[in-house]
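Let the sequences and hints guide you as you build the complete structure.
Residues -20 to -1, 1 to 292 in mature numbering (1 follows the signal peptide of the UniProt record, and there is no 0) are what the sequence shown lists, from first letter to last.
Some clues are possibly wrong.
Stated by the list, open to error - Taking CB as the label site, the calculated pair distances span:
no., residue 1, residue 2, range
1, 22, 233, 47 to 55 Å
2, 259, 65, 25 to 33 Å
3, 219, 22, 47 to 55 Å
4, 176, 271, 19 to 27 Å
5, 231, 271, 40 to 48 Å
Just so you know, the hints here were simulated from the structure itself, not pulled from any lab data.
Just so you know, even glycine gets a beta-carbon here, dropped at the ideal spot from N, CA and C.
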Amino acid sequence: MPHLRPTLAVFSLLATPAMAEVPLVVTDIAPVHSLVSMVMQGVGQPDLLIPAGSSPHDFSLRPSDAARLQDADLIVWIGEDLTPWLARPLSIVAEGAVNMPLIELPVTLLREGGHEHDTLDAAAHPDDDHDDHDDHDDHDEEMHGSHDPHVWLDPVNAIAWLPEIASALTRQDPQNGPLYSANAANAADMLDQLLDELAQGDLARPFIVSHDAFGYFEDRFDAHALGSIAGADASAPGPARVAALRDAAREADVRCVLVEPQFNSGLAEAVVPQGVTIRQIDAMGSDLPLGATLYPDMIRSIAAAISGCPDE
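Quick look at the structure:
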């Protein structure tokens, strides 16, 4: 009966999960976009607010960004501790969206921050009276909370967030709930394996970082930097701190400095003695393809950057 085929075809299309109303999800940074992409695989793709390669500390919203926030059903972001400039736009233009700041979830492991590295920072601030100290205090006050906001750099947090993201998506899109849950479980298993893989390595190296962003990663994998050039809010150090860090780096026999793509490499060269290895490290996965693979690839690349520093 050929005349039945169009009817059956239409019925089949209507019955597929693809016809469900997929939530419009906006994420703040590429690592969060990657985690949400893992959970949404087979259903849809989240949108990314802050382009890869841009710093979340000083990004400026464009009118097109405000329009995307206004249309969003769910906004998954680290939180006001990382991007205090985003809180007000969310309350105004995205008041109809579900707001999901990951740093505020009860499952999130937090560390005080930005943390001070004992070896270099103690040497760089022996009397706490440098010319740029007042400026440093001002930047600390600009940070919204008392916790280090770079929470995504601990994969244990990422694992804990996956089912939370799946639950938030399921409340918006119950039809695809089983797929969201299965995707989250599979992604958690994959990240568990990544944790086991990196735990086998030895990341103990005498290195400093350009920006005090890697404390969660350092704590998880026992890879403790001797110091940082910029603070947790990525504010540039003043001349007095640069000079003090230069002396401290020489005294501590620093062999390696790890610089982020967004950071002024000239500052790193000014701080470390000549001949010290300068390598790239990236807390945002700026050079990696967007999507589900970005997060694990970023974590591996951070480990590779540290392990590439010379041993003591």
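Tested hints:
1. 22 / 233: 47 to 55 Å: Given range 47 to 55 Å: holds, Cβ gap about 51 Å.
2. 259 / 65: 25 to 33 Å: holds, 30 Å
3. 219 / 22: 47 to 55 Å: holds, 54 Å
4. 176 / 271: 19 to 27 Å: With Cβ atoms ~23 Å apart, the hint holds.
5. 231 / 271: 40 to 48 Å: Once the Cβ atoms are compared, 44 Å apart, the range 40 to 48 Å for residue 271 and residue 231 holds.
Of the numbered hints listed earlier, not one is contradicted by the structure.
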